[in-house]
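Chemist: Here is what each chain is made of, one letter per residue.
Protein chains: 2
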Amino acid sequence: MKLCDLSTPAALIDSLRMQRNIGRMQQRMDALGVAFRPHVKTAKCLPIARAQVAAGACGITVSTLKEAEQFFAAGFTDILYAVGMAPHRLPQAGALLDRGCNLKIIADSAEAAAAIVDFAHPGNAGFEVWIEIDSDGHRSGVRPEGDELMAIGKLLHAGGATLGGVMTHAGSSYGLNQPAALEALAEQERSLCVLAAQRLRAAGLPCPNVSVGSTPTALMASHLEGVTEVRAGVYVFFDLVMANVGVCHLDDLALSVLTTVIGHQSDKGWAIVDAGWMAMSRDRGTQSQAHDYGYGQVCDAGGQVLEGYLMREANQEHGIVSAAGAPDADIVRRFPVGTQLRVLPNHACATGAQFPQYHAVKGDEVGPPWSRFYGW
Amino acid sequence: MKLCDLSTPAALIDSLRMQRNIGRMQQRMDALGVAFRPHVKTAKCLPIARAQVAAGACGITVSTLKEAEQFFAAGFTDILYAVGMAPHRLPQAGALLDRGCNLKIIADSAEAAAAIVDFAHPGNAGFEVWIEIDSDGHRSGVRPEGDELMAIGKLLHAGGATLGGVMTHAGSSYGLNQPAALEALAEQERSLCVLAAQRLRAAGLPCPNVSVGSTPTALMASHLEGVTEVRAGVYVFFDLVMANVGVCHLDDLALSVLTTVIGHQSDKGWAIVDAGWMAMSRDRGTQSQAHDYGYGQVCDAGGQVLEGYLMREANQEHGIVSAAGAPDADIVRRFPVGTQLRVLPNHACATGAQFPQYHAVKGDEVGPPWSRFYGW
Chain A
63 MKLCDLSTPA ALIDSLRMQR NIGRMQQRMD ALGVAFRPHV KTAKCLPIAR AQVAAGACGI
123 TVSTLKEAEQ FFAAGFTDIL YAVGMAPHRL PQAGALLDRG CNLKIIADSA EAAAAIVDFA
183 HPGNAGFEVW IEIDSDGHRS GVRPEGDELM AIGKLLHAGG ATLGGVMTHA GSSYGLNQPA
243 ALEALAEQER SLCVLAAQRL RAAGLPCPNV SVGSTPTALM ASHLEGVTEV RAGVYVFFDL
303 VMANVGVCHL DDLALSVLTT VIGHQSDKGW AIVDAGWMAM SRDRGTQSQA HDYGYGQVCD
363 AGGQVLEGYL MREANQEHGI VSAAGAPDAD IVRRFPVGTQ LRVLPNHACA TGAQFPQYHA
423 VKGDEVGPPW SRFYGW
Chain B
63 MKLCDLSTPA ALIDSLRMQR NIGRMQQRMD ALGVAFRPHV KTAKCLPIAR AQVAAGACGI
123 TVSTLKEAEQ FFAAGFTDIL YAVGMAPHRL PQAGALLDRG CNLKIIADSA EAAAAIVDFA
183 HPGNAGFEVW IEIDSDGHRS GVRPEGDELM AIGKLLHAGG ATLGGVMTHA GSSYGLNQPA
243 ALEALAEQER SLCVLAAQRL RAAGLPCPNV SVGSTPTALM ASHLEGVTEV RAGVYVFFDL
303 VMANVGVCHL DDLALSVLTT VIGHQSDKGW AIVDAGWMAM SRDRGTQSQA HDYGYGQVCD
363 AGGQVLEGYL MREANQEHGI VSAAGAPDAD IVRRFPVGTQ LRVLPNHACA TGAQFPQYHA
423 VKGDEVGPPW SRFYGW
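Protein chains in written order, with our numbering: chain A, 63 to 438; chain B, 63 to 438.
Keep in mind the hints are simulated off the structure, nothing from the lab.
Check the hints yourself; a few may be wrong.
For chains that are exact copies, the list does not tell them apart, and a pair is met inside one copy or across any two.
[Said to hold, decoys possible] Restricting the straight-line Cα-Cα distance to at most 35 Å, the calculated cross-link-like pairs of lysine-lysine (DSBU-like) are:
{"#": "1", "residue 1": "K128", "residue 2": "K330"}
{"#": "2", "residue 1": "K424", "residue 2": "K128"}
{"#": "3", "residue 1": "K330", "residue 2": "K216"}
{"#": "4", "residue 1": "K64", "residue 2": "K330"}
{"#": "5", "residue 1": "K64", "residue 2": "K128"}
{"#": "6", "residue 1": "K216", "residue 2": "K424"}
{"#": "7", "residue 1": "K128", "residue 2": "K216"}
{"#": "8", "residue 1": "K64", "residue 2": "K424"}
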């Protein structure tokens with residue numbers, strides 16, 4: 063199948079770029095002497111996770127138990143569920159353990175740890191639990207220097223859970239764009255997570271795993287002493303937000319939305335396309351960054367960036383493409399009705415989620431669709 | 063099933079509110095003497111569209127041909143596809159005609175009209191085409207007073223297509239919040255669409271249908287002389303954007319996301335919940351309005367608004383709930399881990415699209431899931 067045979071909007075993956083992104087990250091982790099556990103929430107797609115494992119990943123990270131179930135059913139066994147364990151979901155997680163999944167769950171409060179310990183799970187040694195550390199004030203986790211960390215560790219260990227390690231995510235890295243600041247945050251993420259592990263071990267508690275990561279810190283860390291594994295997700299596709307952060311170039315972006323021109327407002331210099339926010343998502347992550355790409359950077363059907371042409375506005379199934387500056391008086395001739403364009407997204411995780419499937423492309427050749435998971 | 067048995071995040075529909083919204087809009091249209099054609103892109107859900115037709119809707123409006131196919135397969139026959147017809151989609155639309163669907167398509171350029179006329183469709187009288195009018199500079203459509211309108215009308219009529227009417231959508235109504243301005247825009251939408259119809263008829267061209275609408279203009283029009291039908295979508299659920307526009311109250315909002323508290327940052331006054339932007343969508347439509355609701359207004363599990371509590375930030379599967387002003391020192395006791403909350407969304411069309419299914423609720427009682435369409 064060729065690109066021109068695809069119904070639009072369609073989510074395209076440039077296979078060569080994706081493989082290059084996967085290979086580079088794995089090589090970097092190998093060089094830094096740590097294992098790599100990709101976060102599959104970005105793509106939620108089996109062939110992509112298989113490519114990550116084939117490149118050397120030690121296991122996967124998931125953001126929902128549905129992802130854990132789907133990937134486990136497909137043969138993935140080493141799975142970290144990286145969202146704080148809600149007590150009402152313990153039976154669902156326990157069922158995965160019973161079926162042989164090597165599932166690790168996380169806790170960041172004595173309350174959650176107590177619920178995990180209290181959860182009666184006959185015939186099983188109990189959950190493997192990693193304690194979530196707050197290394198940058200971004201969201202969840204306990205402070206590495208505080209009492210709560212030790213209380214949770216003791217509670218889990220005494221209660222029969224396997225204390226598997228500590229983990230953190232320096233999500234504030236998305237808000238940076240200077241190499242020195244990114245490197246400093248990576249060092250902060252590393253050192254605080256290692257500190258937490260050292261404190262647990264000093265108290266006689268087991269803490270074999272020390273897991274850190276976000277795409278920017280994974281790519282900017284100068285060393286990872288004391289860390290055993292790194293997690294990252296969006297690196298597999300990259301996106302315009304990551305280009306603004308400064309950890310990729312536009313020609314690394316592997317996910318794009320194929321769309322078709324369906325009309326014009328020639329006096330305004332607008333081309334109307336059949337990809338709106340339902341296809342691009344409502345994510346406008348670049349709005350608060352140095353370069354605001356609107357709803358996306360426009361490329362020709364072959365993927366070549368068309369400098370200055372952005373999707374400026376989006377309704378549900380309509381996008382408005384226009385040039386920077388004065389209205390492009392040639393818009394109708396430049397992009398006649400029926401023209402296919404590709405649009406690079408702000409945030410690959412959000413845009414991917416709008417599609418039931420991806421189409422992997424090499425040049426003009428389209429492979430069979432790769433389905434992705436949806437819902438909870 | 064009860065609310066507490068639901069896995070979260072889940073999309074809830076308050077059935078009584080939805081029925082009230084449907085009933086009020088239909089009664090208003092009946093009183094104004096026009097037909098009503100709901101836009102089913104908001105919910106993409108059969109039981110909801112059936113409730114709209116049961117209340118008196120004359121047919122449906124769709125935003126994709128996939129919606130047309132799905133609803134036609136379920137017995138809906140009178141369907142307006144309200145996105146400019148792309149030439150490459152004509153075979154797909156033609157196949158619906160062949161199977162007996164009373165599908166109307168739209169065109170807003172001579173180029174698109176020519177493609178429709180040129181599309182050889184053996185054994186069929188040709189497409190019924192409505193011409194899209196630009197009544198507010200919002201997006202697509204031709205100006206009602208211009209030459210292009212007449213050229214398209216003549217081209218379609220001479221080419222054997224059925225010239226079914228004119229339609230417009232004053233989408234700029236979403237940016238208003240004063241009753242007088244909304245009423246004026248509704249009158250502009252009406253009068254310009256009627257003008258287009260009058261010009262076509264004066265030239266001897268048929269123009270039986272005059273179709274206008276958006277939720278705000280449908281609710282604020284003082285009269286609809288010359289209009290034959292109105293279209294609106296989001297009124298079925300309403301949302302925080304519509305509350306800011308001023309066409310509904312918070313207790314009209316029928317769609318909410320049920321979520322569970324999974325942790326806290328007590329010093330910051332944060333409760334972490336298991337609905338992030340994957341559930342709420344990235345739509346922050348209220349950001350540019352008078353009242354910014356963040357990612358959503360927080361309610362208790364029963365749907366009672368908790369004044370001042372918003373979802374302030376969202377990551378993919380995490381939401382941060384906090385109070386306005388100083389950090390709520392009582393957040394842990396107020397919302398312990400395991401607490402269920404409901405969150406009212408910025409934009410119902412975007413939030414609904416994140417879920418494979420809805421759960422209709424009456425009080426604490428949850429009905430069987432209603433599935434919704436996804437993708438293209």
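Chemist: All hints, please: hold or fail.
Modeler: Here is how each hint holds up against the structure:
Proximity of K128 to K330 under the C-alpha cut-off of 35 Å is restricted to the inter-copy arrangement: shortest distance 30 Å between copies versus 46 Å within a copy. Taking CA atoms no more than 35 Å apart as the test, K424 paired with K128 passes in both settings, with 31 Å inside one copy and 27 Å between copies. In this assembly of identical chains, the alpha carbons of K330 and K216 lie at most 35 Å apart only when taken from different copies (25 Å versus 66 Å within one copy). In this assembly of identical chains, K64 and K330 lie within 35 Å of each other by CA distance solely inside one copy; the values are 32 Å within and 53 Å between copies.
When the C-alpha separation of K64 and K128 is checked against a cutoff of 35 Å, the pair qualifies both within a copy, at 33 Å, and between copies, at 21 Å. Taking CA atoms no more than 35 Å apart as the test, K216 paired with K424 passes in neither setting, with 53 Å inside one copy and 44 Å between copies. Taking CA atoms no more than 35 Å apart as the test, K128 paired with K216 passes inside one copy only; the shortest distance there is 30 Å, against 55 Å between copies. For the identical chains of this complex, K64 and K424 are intra-copy neighbours only, at 10 Å inside a copy versus 49 Å across copies, given an alpha-carbon limit of 35 Å.
Checked against the numbered hints given earlier, the structure breaks only hint 6 and satisfies all the rest.
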